[in-house]
Structure formats: C-alpha cells, structure tokens
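Peer 1: The residues making up each chain are set out below.
Number of protein chains: 2
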Amino acid sequence: MSVSSTTWELDAQLTRDTFAVGDLLLSRVLLMDDANYPWLMLVPRRAGAVELTDLDEADQIQLMAEIALASGALRAAAPCDKLNVAAIGNVVPQLHVHVVARSRDDPVWPKPVWGQLPARAYDSETRDRLIAALRGGLGLA
Amino acid sequence: MSVSSTTWELDAQLTRDTFAVGDLLLSRVLLMDDANYPWLMLVPRRAGAVELTDLDEADQIQLMAEIALASGALRAAAPCDKLNVAAIGNVVPQLHVHVVARSRDDPVWPKPVWGQLPARAYDSETRDRLIAALRGGLGLA
Numbered sequence: 001m002s003v004s005s006t007t008w009e010l011d012a013q014l015t016r017d018t019f020a021v022g023d024l025l026l027s028r029v030l031l032m033d034d035a036n037y038p039w040l041m042l043v044p045r046r047a048g049a050v051e052l053t054d055l056d057e058a059d060q061i062q063l064m065a066e067i068a069l070a071s072g073a074l075r076a077a078a079p080c081d082k083l084n085v086a087a088i089g090n091v092v093p094q095l096h097v098h099v100v101a102r103s104r105d106d107p108v109w110p111k112p113v114w115g116q117l118p119a120r121a122y123d124s125e126t127r128d129r130l131i132a133a134l135r136g137g138l139g140l141a
Numbered sequence: 001m002s003v004s005s006t007t008w009e010l011d012a013q014l015t016r017d018t019f020a021v022g023d024l025l026l027s028r029v030l031l032m033d034d035a036n037y038p039w040l041m042l043v044p045r046r047a048g049a050v051e052l053t054d055l056d057e058a059d060q061i062q063l064m065a066e067i068a069l070a071s072g073a074l075r076a077a078a079p080c081d082k083l084n085v086a087a088i089g090n091v092v093p094q095l096h097v098h099v100v101a102r103s104r105d106d107p108v109w110p111k112p113v114w115g116q117l118p119a120r121a122y123d124s125e126t127r128d129r130l131i132a133a134l135r136g137g138l139g140l141a
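So the protein lines, in turn, are chains A and B. Heads up: the first sequence begins at 1 in the numbering used here, then just goes up one per residue. Heads up: the second sequence begins at 1 in the numbering used here, then just goes up one per residue.
Hints are computed from structural coordinates only; laboratory data are not their basis. As the structure is a prediction and not an experimental result, all values here were calculated from the model. Glycine included, each C-beta is placed from N, C-alpha and C at the ideal position. Fair warning: there could be bad hints in the mix.
Only part of the chain B face toward chain A is listed, based on derived beta-carbon distances under 8 Å [said to hold, decoys possible]: (1) I88; (2) R102; (3) W114.
Sequences are here, hints too, so could you generate the full structure?
Peer 2: Here you go:
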C-alpha cells in the first residue's frame, strides 16, 4: 500500500464545498454549503475507499447506523418530506454518502438534486444555528 | 395498521419498469428495463417502508449486506467503472435502492442517471443472459 492509501484525508473538493459538523465513530459529517436544501455528507475515514464494498463488513454496518443517525438528526433540524440517500462518486471518488432533506416545495422537487442548481451559500447565522442543531441530534453537542 | 401497511406488494410503477431477478432474504431484486446502464433495484419486502429508517436495525444491516451482494453480482455480470447506490423515492415512495453500474463511456457519465434519458428496452436475449448471470452472482441460480 502506498502512503496515500493508508492516511485518510478529506478530499479537497469536499473540503471546499462543505462545513465540518463533527466526527462520528466512522464518518466525518459535513454540511454542504447549499441553502437550497439541508444536505449532509458522511465520509468514512478509511483511506482509499471508493465503493461501499471497499469497507469491511463491520464498517458497512457502522455506516448504515450513521446514515440512520444522520437521517434522524437532519430531519429533526430541518423538517422535510423525503430523505434522499446516495453514494454516487462519479466526480469525487472518495467514498461519501449524501443525505439530503427534500421538500415538495424545494426548487427542484421531485428531481434528484445532483447537477441541478448552483449551490446557494448559507448566511453565517443560519449555518451556525443549523450546525448546532445537527450536532445536538448527532450526539456531538 | 391498515391492510395496506401489513401486506407487502411491489409498487405498480416498479413492476412496469423492471424484470424480476429474484428474492434475497429481505429484498426483491429487480433489473430496470433500461439497456443504457445495467441497473438493479433492491426493494425490501416490508409493507409501508418509505425511508431507510423505516426498517428496524436488523433489516438495515441486512439491506446493507444485500447492497454489497448486489454490487458484486452486478459488477461481475457487467464490468463498470463506478457503482451508484441510492435511495431517493421522490416519485415512487415504496422504499427501493438503486444500484447502477456506470461506465465512463455511458451516455450520461458523469451525471447521475435519474431523469436523464428515456429508458432503452433490452432485447430479450441480452436481458435473459444478464438476468442469468445476476442470479448466479446473487446465489439464486
């Protein structure tokens, strides 16, 4: 294994596009800087992981638990009509799972959010309030 | 609970759009009738489930195992560059997980597939060969 496959580091594009919410046992939780929809990402801190199947079975189970935890925290912080959960990674290969809170009156409903609208940055007050609520729901407060 | 929430039945649109591959312990496995991309769906046979979090913890773990199994079977039957795994459900609420085999030379790469191209129906020979390979990979042969 090369050094790059043994030391986990958050992908540069994910770093640019998000704010850190906190670390769960497996995943770093990020908030997309896109006020169009409350949108989390879970990034398992496992170097070199691209596909869900690159995680071992214990990590897969932990990731599912963290998806469920993040779903509940997101829904509590930002009531919604539907959650969209996806591991796509066609552009950013580092394994990351989107958890997006969708509402029937959001700007692209019912289409999936990817590739639809330019991100709309949060104002800092809304962002800080949302992150605080999310940290509470995730047990990170 | 109403009758409709206690008796699982495959959603009518999913029935129309797919071919049955077989039943795993939790999920019915379907092949989307879209030759643009090899595309499976896993539908947990749990009446009334809409979100991943509507499954109990044991079912969530089983679903993750079946996603991993389906990922391997799909990749073996249809070599690809990336798997896209998603539970969206904005149009069809019945909980279903997409597992899509993506290639850098497929018609919409790197965009996600949803809402991009009209489905292109399989010819029956290609479809039957693919389903047979998938059943083998899923341990259903």
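Peer 1: Among the hints numbered above, which are violated by the structure, and what are their numbers in rising order?
Peer 2: The structure breaks none of the hints.
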